[in-house]
Every structure is written in structure tokens, then in C-alpha cells.
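Counted the way our numbering counts, the sequence shown spans residues 1 to 80.
Since the hints were derived computationally from the structure, they do not count as laboratory data.
Hints are supplied without guarantee of correctness; some may be wrong.
Computed Cβ-Cβ distance ranges for the label pairs, DEER-style [unchecked claim]:
1. N75 <-> I49: 35 to 45 Å
2. E44 <-> E12: 31 to 41 Å
3. L9 <-> I29: 40 to 50 Å
4. N46 <-> G68: 28 to 38 Å
In the DSS-like style, the derived pairs of lysine-lysine whose C-alpha atoms are separated by at most 30 Å in a straight line are [stated by the list, open to error]:
5. K15 <-> K33
6. K32 <-> K8
7. K41 <-> K18
8. K8 <-> K26
9. K33 <-> K11
10. K55 <-> K41
11. K36 <-> K25
12. K26 <-> K13
13. K6 <-> K18
14. K13 <-> K36
15. K26 <-> K48
16. K15 <-> K32
17. K18 <-> K32
18. K6 <-> K33
19. K13 <-> K32
20. K25 <-> K15
Glycine included, each C-beta is placed from N, C-alpha and C at the ideal position.
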Amino acid sequence: MNIEEKYKLIKEKYKEIKEQNDILKKAIIEYKKDIKQLEKKNDEQNSKINIILDKNSNLISSNNELTGKVTQLSNSLEEQ
């Protein structure tokens, strides 16, 4: 194999690797974009969960308060 053939072979390999590199760069960009979208969706879901947990906590407090009042009323009725 003479030097021109070696040069041509190296040039072709370089071109292939460069094309593969470009494809990988685009794939990484898409992957990062997908990750950002998933992180945003995750943050939104976490916010919704926190709102639901707060509502649940408030409902539990209200329920406990009402249970106490019902117990007091029941005791008052039993005393009469």
C-alpha cells in the first residue's frame, strides 16, 4: 500500500468518524432536551403532589376537629 492509498484510507476513516461524531452530538442534544422536559414534568407533578398533601392535611385537621365536636355533642346528649 503506497502513501496515497494510506492517505485516502485515513481520509475516509476520518470522514466516517466525523459523521458519527455529528450524529452523536445531535443525539446528545436531543437527550438533554428530553431530560429537561422530564425534569419539568417531574417538578409539575411534585407541585401537584404537595398541593394534594396540603389539602389532605387540612382535611384531616378538619375531620379531627369535627370528630371532637361530635363527641362533645354526643356526651352532652347522653348527660341530658
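Now for the hints, and whether the structure bears them out:
1. N75 <-> I49: 35 to 45 Å: holds (39 Å)
2. E44 <-> E12: 31 to 41 Å: The hint (31 to 41 Å, Cβ to Cβ) is violated, given that E44 and E12 are roughly 49 Å apart.
3. L9 <-> I29: 40 to 50 Å: With a Cβ separation near 31 Å, L9 and I29 fall outside 40 to 50 Å, so the hint is violated.
4. N46 <-> G68: 28 to 38 Å: holds (33 Å)
5. K15 <-> K33: holds (27 Å)
6. K32 <-> K8: It is violated: about 36 Å lies between the C-alpha atoms, which goes past 30 Å.
7. K41 <-> K18: Not satisfied, since the Cα-Cα distance of roughly 35 Å exceeds 30 Å.
8. K8 <-> K26: holds (27 Å)
9. K33 <-> K11: violated (33 Å)
10. K55 <-> K41: Measuring from Cα to Cα gives roughly 21 Å; hence the hint holds.
11. K36 <-> K25: Holds, because 17 Å separates the two Cα atoms, which is no more than 30 Å.
12. K26 <-> K13: holds (20 Å)
13. K6 <-> K18: holds (18 Å)
14. K13 <-> K36: violated (35 Å)
15. K26 <-> K48: Not satisfied, since the Cα-Cα distance of roughly 33 Å exceeds 30 Å.
16. K15 <-> K32: holds (26 Å)
17. K18 <-> K32: Roughly 21 Å between the alpha carbons, so the hint for K18 and K32 holds.
18. K6 <-> K33: violated (40 Å)
19. K13 <-> K32: holds (28 Å)
20. K25 <-> K15: holds (15 Å)
Hint compliance for this structure: hints 2, 3, 6, 7, 9, 14, 15, 18 are broken, all remaining hints hold.
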